[in-house]
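Protein chains in written order, with the working numbering: chain A, 1 to 116; chain B, 1001 to 1114.
Note that these hints are calculated values from the structure, not bench results. Certain hints may be false.
Computed list of lysine-lysine pairs in DSSO-like fashion (alpha-carbon distance at most 30 Å, straight line) [claimed, not checked]:
1) B:Lys1056 <-> A:Lys57
2) B:Lys1071 <-> A:Lys44
3) B:Lys1094 <-> A:Lys57
4) B:Lys1101 <-> A:Lys57
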Amino acid sequence: NAGVTQTPKFRILKIGQSMTLQCTQDMNHNYMYWYRQDPGMGLKLIYYSVGAGITDKGEVPNGYNVSRSTTEDFPLRLELAAPSQTSVYFCASTRGGGATYQETQYFGPGTRLLVL
Amino acid sequence: DQQVKQNSPSLSVQEGRISILNCDYTNSMFDYFLWYKKYPAEGPTFLISISSIKDKNEDGRFTVFLNKSAKHLSLHIVPSQPGDSAVYFCAASKLVTSYGKLTFGQGTILTVHP
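Take these sequences, add in the hints, and give me the full structure.
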């Protein structure tokens, strides 16, 4: 049981390039999330998904796209990379939203992205 | 608009003493609060949580206190250990309507000295 895995660990992109950050979970979780963390800041939600085929925007979705074709995978696509997208990206998953308690979100180790 | 704030960027404590980390929130719709711990080059890991219907929750050395009228919560670690040195994030959610989405504070770097 690997939990949440993310690839790559680190990547340098040139301005205008595109890339896909991969995220996979093996816990059969329904909900998945993408966050970014800028230096000295908390995590901000980019996109989330409540199941295969269902995605929605979070707080900072501009410049990103997602898809969820399977329960396990939730890739994040950067189109036309910009220096403002330099950040650490975390993927997370949880079983589902509880009505009386917050299901624990399990985080991947992160992808560090540098856009030059 | 920072809905969850941790106003202390860092905290330094001696081993064996108490660590108190603070968090304030502005959105009265939040009804569940969590603390996450993060080591360098790793993802955050869940530490402890509290529902808005409670004012205290305890788990071993960790206790979270919630003051709803002040929109304030705090994490107490007693006794502090060097292995507790990490970044601590406060997070909040709206249980029923938010699909588990979390709003995070900026984090507090805790350093516990031997």
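Verification of the hints:
no.	hint	result
1	B:Lys1056 <-> A:Lys57	violated (33 Å)
2	B:Lys1071 <-> A:Lys44	holds (21 Å)
3	B:Lys1094 <-> A:Lys57	holds (16 Å)
4	B:Lys1101 <-> A:Lys57	holds (11 Å)
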